[in-house]
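Just need the whole structure built from these sequences, with the hints factored in.
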Amino acid sequence: MGITRRKFLGWMGAAIGATTISGQKTQAATTKQFEGHPGSGGVLHDITRCIGCRKCEEACNKVNQLPAPEKPFDDLTMLDNVRRTDDKTYTVVNRFPNDSGTSPVYVKKQCNHCLEPACASACFVKALKKHKTGAVVYDASLCVGCRYCMVACPFNIPAYEYNSAFSPRIMKCTMCQPRLEKGLLPGCVESCPKEALTFGTRKQLLKIAKQRIQKYPKRYIDHVYGEYEMGGTGWLYLTGTSFAQIGMREDLGNISAPQLTAGPLSDVPIVVGLWPVLLTGIYAISRRKEKIAKEEQNEAVAATLSAANEEMEKKLAELKDKMEQQKEAAINLEIKKALKEAADQAKEDDGNAPADGPKEEK
Amino acid sequence: MSEETTLTDKKIFTPFNIICGIIIVVGLILTILRFTKGLGAVTNLDHNNPWGIWIGFDLLCGVALAAGGFVTSAACYIFGLKRFHSAVRPAILTAFLGYAMVVLALNYDVGRPWRLPYPIFYSQGTTSLLFEVGLCVFLYISVLFVEYSPAALEWLGFKKIRNLIVRMTLVLTIFGVILSTLHQSSLGALFMIAPSKLHPLWYSEYLPIYFFISSIFAGLSMVIFEGSLAHRFLHHKMDETHLAESTGVALGFAKAASFLMMGYAGIKLIGIAIDNHWHYLATSWGQWYLLEIIGFVMLPAYLYALAAREKNLILARWASVVAVLGIVLNRLNISVIAFNWNLPSAQRYFPSWMEIATSIFIITIGVVAYRFIATYMPILYKHPDYQEHQ
Amino acid sequence: MDTVFYTLQDFMTHSKGITYLVMAGILIALPLFWCFITDRDEKKRTY
Ligand code: SF4
Ligand code: SF4
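Residue numbers (my numbering), protein chains in the order written: chain W, 1 to 362; chain E, 1 to 390; chain V, 1 to 47.
These are computed hints drawn from the structure, not numbers from a lab. These numbers were taken from a predicted model, which means no experiment stands behind them. There may be inaccurate statements among the hints.
[Stated by the list, open to error] Straight-line Cα separation of at most 30 Å, DSBU-like style, residue types lysine-lysine; simulated pairs:
#1 291/W - 382/E
#2 197/E - 132/W
#3 82/E - 291/W
#4 255/E - 291/W
#5 289/W - 197/E
#6 315/W - 340/W
#7 255/E - 289/W
#8 294/W - 82/E
#9 197/E - 311/E
#10 340/W - 322/W
#11 291/W - 315/W
[Unchecked claim] To be clear about the criterion: a stretch of chain W counts as covered by chain E if any three or more of its residues have a C-beta under 8 Å from a C-beta of chain E, and this derived list gives those stretches:
#12 54-64
#13 83-90
#14 273-284
#15 311-325
Cβ atoms here follow ideal geometry from the backbone N, Cα and C, with glycine treated the same way.
Here it is as structure tokens:
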């Protein structure tokens, strides 16, 4: 049973197909993989039950020891303007006109304690963390004050102590993490007279919310806000009025913040891994080109040089030859002269004449 | 006596110095205000608009426009374009001062600047793109300092260290390109976490690539622009090589920037197409977007092309001004103008005069530092003792 | 490393942290390896 070529190719194709598919799915898979801390808590806010009494605001102010507000909490004229959370208020209740024209709608706003918090994903010193109770908590001892968390939060929740020069903090709801640790309910939940707020594990709350929708389909819009928004939030909302009407954005999408930045974040190490190789490669190529150019130049220079040299040598040799010839001629001449002289002298005195010849030449 | 004082007076009270002096005095007062009364006393920032022009202009534009350092040194040392060599030092210096200004501005902007080393040394929030930016800027400013240091060392006459550093040029350059690629693109990626706040025409999954590519031509344009300023005011400091090469540098860079900008306009179009955002182009935001792309990317690209074709240096310089303005517009659009676009206009951010004055103050410090360094150190000319080495 | 991660955020903090260390390692190792490759080449000036 040998492996045929065709089979092999088939396997390869399958393998490649599988990897590409799983590659595409990794993002989706990661959300499946991480389901949040087991038993992590949240709050269900049933907007249809809220009467806008601002008791929760008051309780929040008290348990978190926030500065006293300008107007007392029972002053309901505060509801005339739509407010947001700020550095002195972790939670606000806003009033919106009902689209069916009946009594207005009240909506409480605070940190939603996202399952995959954008603020925590954005913080570059891990000052914001998702705690296993479900609360997203802030550690002022780490915070640098860059306010990127405020940029990141899709619900515009974190506020900043702009008027503090030396120890400005991010201010936001803690879901009463210190109280949760003591086994107490969050301040707002405890104080709500209409049970518009229910604390529980997120799983339970989702069930309750869906049961309510099922039981009173006329009372509620068939959507639990926060089940999927931005990857899911700890706080869940039920409403009878459209979300757009009550200032809750429906265009946030279901992709969690860490997923939004996962792409560019994973490109970073690839650049680190590949750039040195590519750049050194480019350098080596340009270097090599340069070297070849230089070599060619050198060769050309050398060629012209050697040509010149040869000519030079030739000339030199000729010169030498000439000189030697001349020399020889001279020598010969001298010798001849000497010989002649010697002969003459010998003729005269027949003596030691030949030794004088070379000496004279020097 | 009186004659003497007027003479010295003349030297000190040049218009340049007077204006700088006023700006610096105002800046110092604002600095005191900022660090004793907090951000709220000086800025128009609020809970909805946590980032203003100190981030949008000083940080984003500062970093983009300081890209000339890595672009020029890469062109010269990695791609082997030796004819740009005389442009490397001024570009590195501008880059170094640019980043120094960015870091200075950050000290104003963050709430507790003394904790700025925290993300790197104390508590690393590795999932944050700001962490990536911070780490890279920190490393890159160190690299730039080392790359710039030979000029200072020549000035001071420390030969040995100088030669050691010059020998590391290639490694430093490659390191600089890696770090620049990373933090230039990550600055764009900072905004990818907020798709619900940035206008869809500017929000794109390609933001990091847009930022990186635009930083390259921002750097090229800045080298041309800064070159024209230096010619105007520091001409006497330039040596023959610099003068001889500078036209070639400007026109060469103009050609490169031109092509790159057209490519950039192309990928911007791809971004619109892939998200199917065509319908936004018909809105007033769309007009604004088109103004940025056509008026401040394609127009300067065309001007650059003309300049390169006709070897027209003046045109290249004007084109560089438009291109630099285009970068500023783009960065401000993403961080301030088209950010929080869906908020009612009463809740939108507009900088206070004190924020603007502080930004001008920081730029002025940079310009003064550049003038000082370029006057005293071998930036625009080669140190006579080191003619041979490079 | 058998820590259980309940959130993508925690997982990424961990994995990216390690990736950053790997990056540092690569940045140190690659130049050294390049030196090893070119060790036997004739010496020439690199600027
Ligand atoms: S609502 Fe905003 S502040 Fe609260 S956890 Fe989510 S991202 Fe963070
Ligand atoms: S302001 Fe503080 S908590 Fe928010 S991202 Fe910056 S360092 Fe983190």
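Now for the hints, and whether the structure bears them out:
Distance check on the hinted pair: residue 291/W and residue 382/E sit about 25 Å apart at the alpha-carbon level, within 30 Å; holds. Among the hinted pairs, residue 197/E with residue 132/W is consistent with the structure: their alpha-carbon atoms are about 29 Å apart, no more than 30 Å. Proposed proximity of residue 82/E and residue 291/W is supported: the alpha carbons are some 14 Å apart, at most 30 Å. This hinted pair checks out: residue 255/E and residue 291/W have alpha carbons roughly 27 Å apart, not beyond 30 Å.
For the given pair, residue 289/W sits about 50 Å from residue 197/E by alpha-carbon distance, which is inconsistent with the 30 Å threshold. Restraint check: the Cα-Cα separation between residue 315/W and residue 340/W comes to about 35 Å, which exceeds 30 Å; the hinted pair is violated. Restraint check: the Cα-Cα separation between residue 255/E and residue 289/W comes to about 23 Å, which is no more than 30 Å; the hinted pair holds. The suggested pairing of residue 294/W with residue 82/E holds, with an alpha-carbon distance near 14 Å, which does not exceed 30 Å.
For the suggested pair residue 197/E and residue 311/E, the alpha carbons sit about 44 Å apart, so the restraint of at most 30 Å is broken. About 25 Å separates the Cα atoms of residue 340/W and residue 322/W, which keeps this hinted pair within 30 Å; it holds. Of the supplied pair hints, the one linking residue 291/W and residue 315/W is violated, its CA atoms being roughly 35 Å apart against a limit of 30 Å. Figure legend: the segment 54-64 of chain W, annotated as covered by chain E; annotation inconsistent (0 residues with Cβ-Cβ distances under 8 Å, at least 3 required).
Coverage of the segment 83-90 of chain W by chain E holds [criterion: at least 3 residues with CB-CB distance below 8 Å; count 4]. Counting residues of the segment 273-284 of chain W whose CB falls under 8 Å from any CB of chain E gives 6; the rule of at least 3 is met. Proximity of the segment 311-325 of chain W to chain E, defined as three or more residues with a beta carbon under 8 Å from a beta carbon of that chain, is not established by the 0 residues found.
Taken one by one, the earlier hints fail for this structure at numbers 5, 6, 9, 11, 12 and 15, listed in ascending order.
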